[in-house]
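> Both chains come to you apart, so use the hints to assemble them.
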Amino acid sequence: AQSVTQLDSHVSVSEGTPVLLRCNYSSSYSPSLFWYVQHPNKGLQLLLKYTSAATLVKGINGFEAEFKKSETSFHLTKPSAHMSDAAEYFCVGVTGNQFYFGTGTSLTVIP
Amino acid sequence: SQTIHQWPATLVQPVGSPLSLECTVEGTSNPNLYWYRQAAGRGLQLLFYSVGIGQISSEVPQNLSASRPQDRQFILSSKKLLLSDSGFYLCAWHRGDAGELFFGEGSRLTVL
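In order, the protein sequences belong to chains A and B.
Count along the first sequence starting at 1, add 18, and that's the number in our numbering.
Count along the second sequence starting at 1, add 2, and that's the number in our numbering.
Honestly, I wouldn't trust all of these hints.
Said to hold, decoys possible - Taking beta-carbon pairs under 7 Å as the criterion, some of the chain A residues facing chain B (in silico):
#1 Phe52
#2 Leu64
#3 Phe119
Claimed, not checked - Pair ranges (Cβ atoms, derived):
#4 B:Glu28 - A:Ser32: 18 to 28 Å
#5 A:Thr73 - B:Thr12: 34 to 44 Å
#6 B:Pro16 - A:Glu84: 42 to 52 Å
#7 A:Glu33 - B:Gln64: 33 to 43 Å
#8 A:Lys86 - B:Pro20: 17 to 27 Å
#9 B:Gly18 - A:Glu33: 46 to 56 Å
#10 A:Thr23 - B:Glu61: 43 to 53 Å
#11 B:Ile55 - A:Lys86: 39 to 49 Å
#12 B:Leu84 - A:His28: 41 to 51 Å
#13 A:Ser102 - B:Gln64: 30 to 40 Å
What the hints assert, rightly or not - Listed next, the stretches of chain B that the computed footprint assigns to chain A, with coverage defined by at least 3 CB atoms under 8 Å from CB atoms of chain A:
#14 18-25
#15 46-55
#16 105-112
Hints listed in this document are in silico derivations from the structure and should not be mistaken for laboratory results.
The C-beta atom is built at its ideal place from N, Cα and C for all residues, glycine as well.
Only chain B is shown next, with the shape it has when bound in the complex (with noise of 0.2 Å):
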């Protein structure tokens, strides 16, 4: 079965600090990877999505960028982070047919 990791679960970082989120998925291949983000008390708001290794397309214009190295990671990074990139982040994973999005647990970012 299809399983997804998402880590660190919580984080707090310093403004100004770099930031690393990872993802990975198991029990599939050429997955389409998502990374959302959640402020609160609101919606779901499209970070990056990609369909394949090292494509990557960003919905949303900010300090963060997003990255495949291998078909099943992939990984959300700062160099730089604001205050206004707190937030829940959540990883998906889809078939890319008309199936699902599944979930990763979610990672918490409080920026200080």
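Chain A on its own, in the form it takes in the complex (with noise of 0.2 Å):
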């Protein structure tokens, strides 16, 4: 069965330093990976979505993440944080019509 484990529930950074959001995936085979996030009272938005092409994902709003097999991570990073980013993060795994979610990591950013 496949499964996503994100490591941190909080993680909080000053507004010009890099984020890190951590995520392992659990599979018998290569995934297809997303990173989604969420703003208060609003639904779900891709960042950026891995399906075993390139292994450095770039997505929007300067975010990226890298595909490791040999670490099974799915790992968020962001050069700079703005005061934009604080929201809710969710690594998301998918296994034909079934998605695995995460259980969310909430980022602030410190002004």
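Written as structure tokens, this is what we have:
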């Protein structure tokens, strides 16, 4: 069975410093993986996706993620945090029609 | 382009009252459709999904039900709401390949 684990429930960074949100996956084969962002009382918006092409995936708003098979990881990074990045982030895997959500990481950006 | 609409955006209902949340998708055909619930400060819980008209799979036993009367319409219902039904409900669609889920804007339900 596939699963994803977000290693941090809360992350705080100062504005202008790097962001690292960690996600590990468990799968018997190469999965498709996604990162979504959710602002309060809003739906989830796709940040980026990995579908077995390039291992370094660039997304919207300056975010990127690297698929590392040896570490079964798909961590989300951004070089410089902006106040507008404060939100909930979800790492998601998919097998067929079944989606597997991490429990989410709440990102706080300190001015 | 494809869009997904979900309504109402917010509602406050008394315990024991009925519920109907609607979701429609435009710009695609035969989508896979999903209802998720997000309790306060928690992750997403899959409630129902559908791969076609009249085909509903339930993931969690509860007093909610779902229906798909048309290809691009997905309805979440309850005959009698419980306090525990409060939460943020999200509709989503998927093409059925390895692509991403597309989410609606969500419906905030408060049961008093």
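> Look at each hint and say if it fits the structure.
Hints, one by one, checked against the model:
1. Phe52: holds, 5 Å
2. Leu64: Holds: closest Cβ of chain B sits about 5 Å from A:Leu64, inside 7 Å.
3. Phe119: holds, 5 Å
4. B:Glu28 - A:Ser32: 18 to 28 Å: violated, 42 Å
5. A:Thr73 - B:Thr12: 34 to 44 Å: Given about 41 Å between the Cβ atoms, the range holds.
6. B:Pro16 - A:Glu84: 42 to 52 Å: Roughly 50 Å apart at Cβ, these two residues keep to the hinted range, so it holds.
7. A:Glu33 - B:Gln64: 33 to 43 Å: For A:Glu33 and B:Gln64 the Cβ distance comes to about 42 Å; the hint holds.
8. A:Lys86 - B:Pro20: 17 to 27 Å: 49 Å Cβ-Cβ, so the 17 to 27 Å window is violated.
9. B:Gly18 - A:Glu33: 46 to 56 Å: holds, 47 Å
10. A:Thr23 - B:Glu61: 43 to 53 Å: violated, 20 Å
11. B:Ile55 - A:Lys86: 39 to 49 Å: At roughly 41 Å between Cβ atoms, A:Lys86 and B:Ile55 fall inside 39 to 49 Å, so the hint holds.
12. B:Leu84 - A:His28: 41 to 51 Å: At 30 Å between Cβs, range violated.
13. A:Ser102 - B:Gln64: 30 to 40 Å: holds, 36 Å
14. 18-25: violated (count 0)
15. 46-55: Since 4 is at least three, the answer is holds.
16. 105-112: holds (count 5)
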